[in-house]
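Novice: Which chain is which? The protein sequence lines are A and B, in order.
Residue 37 in our numbering sits at position 37 of the first sequence, and the numbers go up by one each step.
Residue 30 in our numbering sits at position 30 of the second sequence, and the numbers go up by one each step.
If you are wondering where the hints come from, they were derived from the structure by calculation, not from laboratory data.
Given the structure is predicted, the values throughout are model-derived calculations rather than measurements.
Check before you lean on any hint, since a few could be wrong.
[Said to hold, decoys possible] Pairs of lysine to any residue, SDA-like flavour, derived with a Cα cap of 20 Å:
1. 2/B x 22/A
2. 2/B x 5/A
3. 102/A x 15/B
4. 207/A x 184/A
5. 7/B x 176/A
6. 207/A x 49/B
7. 158/A x 15/B
8. 7/B x 52/A
9. 158/A x 106/A
10. 207/A x 4/B
11. 158/A x 126/A
12. 109/B x 41/A
13. 7/B x 102/A
14. 68/B x 64/A
15. 2/B x 15/B
16. 68/B x 65/A
17. 68/B x 22/A
18. 2/B x 25/A
19. 2/B x 113/A
20. 207/A x 18/B
21. 7/B x 16/A
22. 7/B x 64/A
23. 2/B x 176/A
24. 207/A x 79/B
25. 68/B x 198/A
26. 90/B x 154/B
27. 90/B x 171/A
28. 103/A x 7/A
29. 102/A x 192/A
30. 207/A x 5/B
31. 207/A x 15/B
32. 109/B x 158/A
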Amino acid sequence: MTVTVSPIYLFDVQRGEAAAAELWDAITERQLADWEAEWLPELFSAVQRLHRAGVERRLWPQSRQWDWRRKVKVLQGLLAYPGFSIVCGGVTQGMMIVDTTKKRCRIDTQNGQHLVYVEFVENAPWNRPELVDPPRYRGVGSILIRAAIALSQEEEFKGRIGLHSLPQANGFYANTCGMTDLGVDPEYEGLRYFEMTPEQAEAFITKGNQP
Amino acid sequence: MKIEMTKEWCLRMAQREADAEIGAGLFALDPVFDGETSPVTEAGEEPHIAFGRFVHLMRRRRGLTLEKLAEDTDVEIAELVEIEDDSRHKPKLRTVYQLANYFQVPQTKLQQVAGLTVPRDSRLLEEAVRFAARSESVTSLTSEESAALEAFVAVLSEQK
Chain A
1 MTVTVSPIYL FDVQRGEAAA AELWDAITER QLADWEAEWL PELFSAVQRL
51 HRAGVERRLW PQSRQWDWRR KVKVLQGLLA YPGFSIVCGG VTQGMMIVDT
101 TKKRCRIDTQ NGQHLVYVEF VENAPWNRPE LVDPPRYRGV GSILIRAAIA
151 LSQEEEFKGR IGLHSLPQAN GFYANTCGMT DLGVDPEYEG LRYFEMTPEQ
201 AEAFITKGNQ P
Chain B
1 MKIEMTKEWC LRMAQREADA EIGAGLFALD PVFDGETSPV TEAGEEPHIA
51 FGRFVHLMRR RRGLTLEKLA EDTDVEIAEL VEIEDDSRHK PKLRTVYQLA
101 NYFQVPQTKL QQVAGLTVPR DSRLLEEAVR FAARSESVTS LTSEESAALE
151 AFVAVLSEQK
């Protein structure tokens, strides 16, 4: 597998400064090993802490059942499902798998157009405020969404992307990303569906260029 | 695919993102496609039987119901039932990890016993077969079952 690495930066919360990082246009064995050796133990400890603190099960991280090795095995064997990952400090900080062929736009003005659909995106447990206070790095979500937009542009989908947000992430996709909230999708476990038009994609990129 | 992002863009967006959660995707299920090949390396039937027996006996030794074990390990009860009752069931890696942690045995060896990886240690395979043969699913642990379980845990916990 050929992997292209793009230099990026995350924000190191504890140091209060930029941290040089890498955006990979793949999820490789290295990321899966990080998931097994680094993410899972951290996630397990975090869930134990929530359990012992009496936090209701419905408030535990919703992605805790995800098995990235299984996802990658099933989806990434297919060319239509490329993956992206972010590496910082020698460890994987976030992963995303997208679909470039099956889904179509639902927004009226874009109806039926091709888009990049984000199948799965997840932050490393130590970057998640509901699990760790304070989180280690900020910026993983924005960079992965930017990568999905870039792929959409390269596929000539003009930056259109779509996804089903986990309930606790609705605010990020509505506000920070400026995507259109198309409401609860009963076909997808009641998750809300969000979509980004070409104009919203441009606005998202521009947002980061403005002081 | 090279993607250009300036340092300033990354940092501004990191500040805007702040401590937002970003997860997306169906949360209950991992994808399954028609004709999906098993994500795990096929291994023999015997270690798989041993895995179900191991979970069953460890649970009973601690006097736990399936519901309590499911709650304590954050594993779906349906999967625990399948593990204990269906020797062909392939557990999720996360499930084996949770159970190994809970029962305090090395996860790599338990993965081998569960059939998720090919046993590198032929003795572990032999011990798993022996354990499966010596243990039965009855209401309370017999002294023979206790002895079999103790011996198997000792093998799992051996440091090489």
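Novice: Of the numbered hints stated previously, which ones are contradicted by the structure, given in increasing order?
Specialist: 3, 4, 6, 7, 8, 11, 13, 15, 17, 19, 22, 23, 24, 25, 26, 27, 28 and 32
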